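There are 2 protein chains.
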Amino acid sequence: MIAEEFKRMLGQKSVIREIAEYGAVRAKEIGSENVFDYSLGNPSVPVPQAFTEKLMELAKNPAVHGYSPSLGIDSVREKIADSLKQRFGMPYRKEHIFMATGAAGAIAHALRAVTVPGDEVLTFAPYFPEYVPYVNQTGAVLKVVPADTENFQIHFDAFRRMISPKTAAVLINTPNNPSGAVYSEATIRELAQILQEKEREFGHEIYIITDEPYREIVFKGVEAPCVAKYHPYTITCYSFSKSLSLPGERIGYVAVNPDCPDAELIVNMCGQISRGIGHNCPPSIIQLAVAEVLDITADLSVYETNMNILYDALTDMGFSITKPGGTFYMFPKALEEDAVAFCKKALEYDLLLVPSDTFGVPGYFRIAYCIPTEKVKRSLAAFRKLANEYQL
Amino acid sequence: MIAEEFKRMLGQKSVIREIAEYGAVRAKEIGSENVFDYSLGNPSVPVPQAFTEKLMELAKNPAVHGYSPSLGIDSVREKIADSLKQRFGMPYRKEHIFMATGAAGAIAHALRAVTVPGDEVLTFAPYFPEYVPYVNQTGAVLKVVPADTENFQIHFDAFRRMISPKTAAVLINTPNNPSGAVYSEATIRELAQILQEKEREFGHEIYIITDEPYREIVFKGVEAPCVAKYHPYTITCYSFSKSLSLPGERIGYVAVNPDCPDAELIVNMCGQISRGIGHNCPPSIIQLAVAEVLDITADLSVYETNMNILYDALTDMGFSITKPGGTFYMFPKALEEDAVAFCKKALEYDLLLVPSDTFGVPGYFRIAYCIPTEKVKRSLAAFRKLANEYQL
Numbered sequence: 001m002i003a004e005e006f007k008r009m010l011g012q013k014s015v016i017r018e019i020a021e022y023g024a025v026r027a028k029e030i031g032s033e034n035v036f037d038y039s040l041g042n043p044s045v046p047v048p049q050a051f052t053e054k055l056m057e058l059a060k061n062p063a064v065h066g067y068s069p070s071l072g073i074d075s076v077r078e079k080i081a082d083s084l085k086q087r088f089g090m091p092y093r094k095e096h097i098f099m100a101t102g103a104a105g106a107i108a109h110a111l112r113a114v115t116v117p118g119d120e121v122l123t124f125a126p127y128f129p130e131y132v133p134y135v136n137q138t139g140a141v142l143k144v145v146p147a148d149t150e151n152f153q154i155h156f157d158a159f160r161r162m163i164s165p166k167t168a169a170v171l172i173n174t175p176n177n178p179s180g181a182v183y184s185e186a187t188i189r190e191l192a193q194i195l196q197e198k199e200r201e202f203g204h205e206i207y208i209i210t211d212e213p214y215r216e217i218v219f220k221g222v223e224a225p226c227v228a229k230y231h232p233y234t235i236t237c238y239s240f241s242k243s244l245s246l247p248g249e250r251i252g253y254v255a256v257n258p259d260c261p262d263a264e265l266i267v268n269m270c271g272q273i274s275r276g277i278g279h280n281c282p283p284s285i286i287q288l289a290v291a292e293v294l295d296i297t298a299d300l301s302v303y304e305t306n307m308n309i310l311y312d313a314l315t316d317m318g319f320s321i322t323k324p325g326g327t328f329y330m331f332p333k334a335l336e337e338d339a340v341a342f343c344k345k346a347l348e349y350d351l352l353l354v355p356s357d358t359f360g361v362p363g364y365f366r367i368a369y370c371i372p373t374e375k376v377k378r379s380l381a382a383f384r385k386l387a388n389e390y391q392l
Numbered sequence: 001m002i003a004e005e006f007k008r009m010l011g012q013k014s015v016i017r018e019i020a021e022y023g024a025v026r027a028k029e030i031g032s033e034n035v036f037d038y039s040l041g042n043p044s045v046p047v048p049q050a051f052t053e054k055l056m057e058l059a060k061n062p063a064v065h066g067y068s069p070s071l072g073i074d075s076v077r078e079k080i081a082d083s084l085k086q087r088f089g090m091p092y093r094k095e096h097i098f099m100a101t102g103a104a105g106a107i108a109h110a111l112r113a114v115t116v117p118g119d120e121v122l123t124f125a126p127y128f129p130e131y132v133p134y135v136n137q138t139g140a141v142l143k144v145v146p147a148d149t150e151n152f153q154i155h156f157d158a159f160r161r162m163i164s165p166k167t168a169a170v171l172i173n174t175p176n177n178p179s180g181a182v183y184s185e186a187t188i189r190e191l192a193q194i195l196q197e198k199e200r201e202f203g204h205e206i207y208i209i210t211d212e213p214y215r216e217i218v219f220k221g222v223e224a225p226c227v228a229k230y231h232p233y234t235i236t237c238y239s240f241s242k243s244l245s246l247p248g249e250r251i252g253y254v255a256v257n258p259d260c261p262d263a264e265l266i267v268n269m270c271g272q273i274s275r276g277i278g279h280n281c282p283p284s285i286i287q288l289a290v291a292e293v294l295d296i297t298a299d300l301s302v303y304e305t306n307m308n309i310l311y312d313a314l315t316d317m318g319f320s321i322t323k324p325g326g327t328f329y330m331f332p333k334a335l336e337e338d339a340v341a342f343c344k345k346a347l348e349y350d351l352l353l354v355p356s357d358t359f360g361v362p363g364y365f366r367i368a369y370c371i372p373t374e375k376v377k378r379s380l381a382a383f384r385k386l387a388n389e390y391q392l
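If you read the sequences in order, they're chains C and A. Position 208, counted from 1, in the first sequence is what this note's numbering calls 208; the numbers after and before it change by one each time, with no gaps. Position 208, counted from 1, in the second sequence is what this note's numbering calls 208; the numbers after and before it change by one each time, with no gaps.
Be careful, since some hints might not be right.
Note: identical chains are not told apart, hence a pair may lie in one copy or across any two.
With a Cα cut of at most 25 Å, we get these calculated BS3-like pairs of lysine-lysine [what the hints assert, rightly or not]: (1) K94 <-> K28; (2) K7 <-> K94; (3) K385 <-> K28; (4) K345 <-> K385; (5) K323 <-> K375; (6) K7 <-> K166; (7) K166 <-> K198; (8) K94 <-> K79; (9) K85 <-> K54; (10) K94 <-> K54.
Calculated directly from the structure, the hints in this document are not laboratory data. If you're wondering where the values come from, they're calculated on a predicted model, not measured in any experiment.
Start from the sequences, fold in the hints, and give me the full structure.
Structure (structure tokens):
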């Protein structure tokens, strides 16, 4: 009576895992400092000292380990609402906030609140591949809108063809993994306008579920608009994993647009959804600790430094790249049509890159440049040799 | 497009919540020290000092906040397996352990691994009411076997009548919330024997999912047998919430019986199940901290002290009670047929008790005696007055 659905998932070969395994073997042979591992989106900068201090202070008090209310600790929700209100000028209150175990937990709740089995959820390539199990295990169906490969905004023609009365939500990710693109105000306005037009046509609301773990990693000269401002039916899924460099502590939240008529209902429903998926709140001590450092981040500047070094060097070599507006990812065009073959070739130069097929677009590759800057610099010679193979 | 299933759950009135709300109002009127709140199973003893020290030591190192592998941190799984092996003499290895966010998270994974929608899961009254959403949100159906009100072991005649080819698993809880009963070796042997007989008859395995957050709270002279020893298809769901008094930190594990032919498969499947329910591991720092204190507990002796005081005094007053073997619960017979009416009467004496209907048995009430001993002593006069109302 083993559930075949999950057993089958184990059989699926993951290219990322294959690359990571190769990297581990290679690291033993030549030392990990000589393997340029650009495969994983694991923050490389330390958690802020202020967080560590708050955590140690809290740890002294055994009372912090008690049960959290099912929607999250009241004072924490209130501080998050205040911070959002101040930052975005929107009337967030604690009633709009549900504490979740990172963005994954937030999305799991948001999806269950506003879809029923059989509904369609649209997302836009390139997209985070975990969206497939996130959506499909709810009983809804994920449909992927092909990429706008010009600048990795939204391919609106394709979107208009795919949206239908079955569309309950669109799941977006800006700043984007893997492209590094930040959706412009024009993109978000157009998305919201189409949704509102289709809502009238179909006679039901269509939610934006916006996955925003990279909200704080936005580069100079780039504006990341607040998505919720443009569409009342917006559920923001936030994670502190990247902003505070603590992905293992599983902390984030759902923030429902205060302008959404069902905002408080959705937050309360998240508490009910939790009961069935065994979530029962993020860890109490971590909730309390992040609430004390809401307005600071880890020193994220290294990501922009790395981006500039790589972008300048790789474009000089002849790579074609949409310049990232944020995140710690870059998404250049591969130097041959088959991105998997290209990334396998890169392994010969100890460059661990991820082919774009994983993200729903053929012919590109992802560089996750959350690694030390000195290593980025040392990797350029390897990229140079790789480019030479293709007569660039 | 709000999911009506979860919206509907919000409409359900909870007697426990009503009692708790009354208690909060009353505490403002007469002071919380004068309200005898026996309604909540919230550990009252502090986390062990050794845990606090380990946590503070870990907090100093920013590297602890990195991603955990999806099955849990290897070294943590290994230490848990070693501890189980030593304690129960069974060949547990890390491959049998999946780290989960408390027992709720563990049960959410175990249920999804060994049931498919439409399957039946049997549990035994009295049972933890959250089993209803835990099971029903997987698509399986929870069926409750009536209680053995003699001694709160298992009503085997009723069980034999209810088990069917659709039964994929039985969900047990020993030591038991709310009865405080510990299943005897005879009970577990008989349960296993029936399951093995029915497995042959039906041609498929039937899992025991054993929910064991109270495993460490067992009173003098009582043996709590290791359930997994009696049935190969056993999945143990453990939580550190009560043993270490840290229910808010959401830490526990799934341990699949090493004798189960699919043990490693089930653990790996839990990693896949996580992707859809947004779980992604318990917090890293908490995983690492509990792994350092596996063989100690909080000072749990107060629960036995409280049990003895209450049991002696209440039986003297004429209450009929099956003496608890563990936990911090007691489940006396109510003094009138309608347990809800009885618990409402108790409120007049500022005693907050939970009627047994919530747990699938009429005519009893639950005392959660995880409160300070001096308060237990002061509450006896109130119980006396309540008993007097019924001419006891």
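Hints violated by the structure (listed by number, smallest first): none
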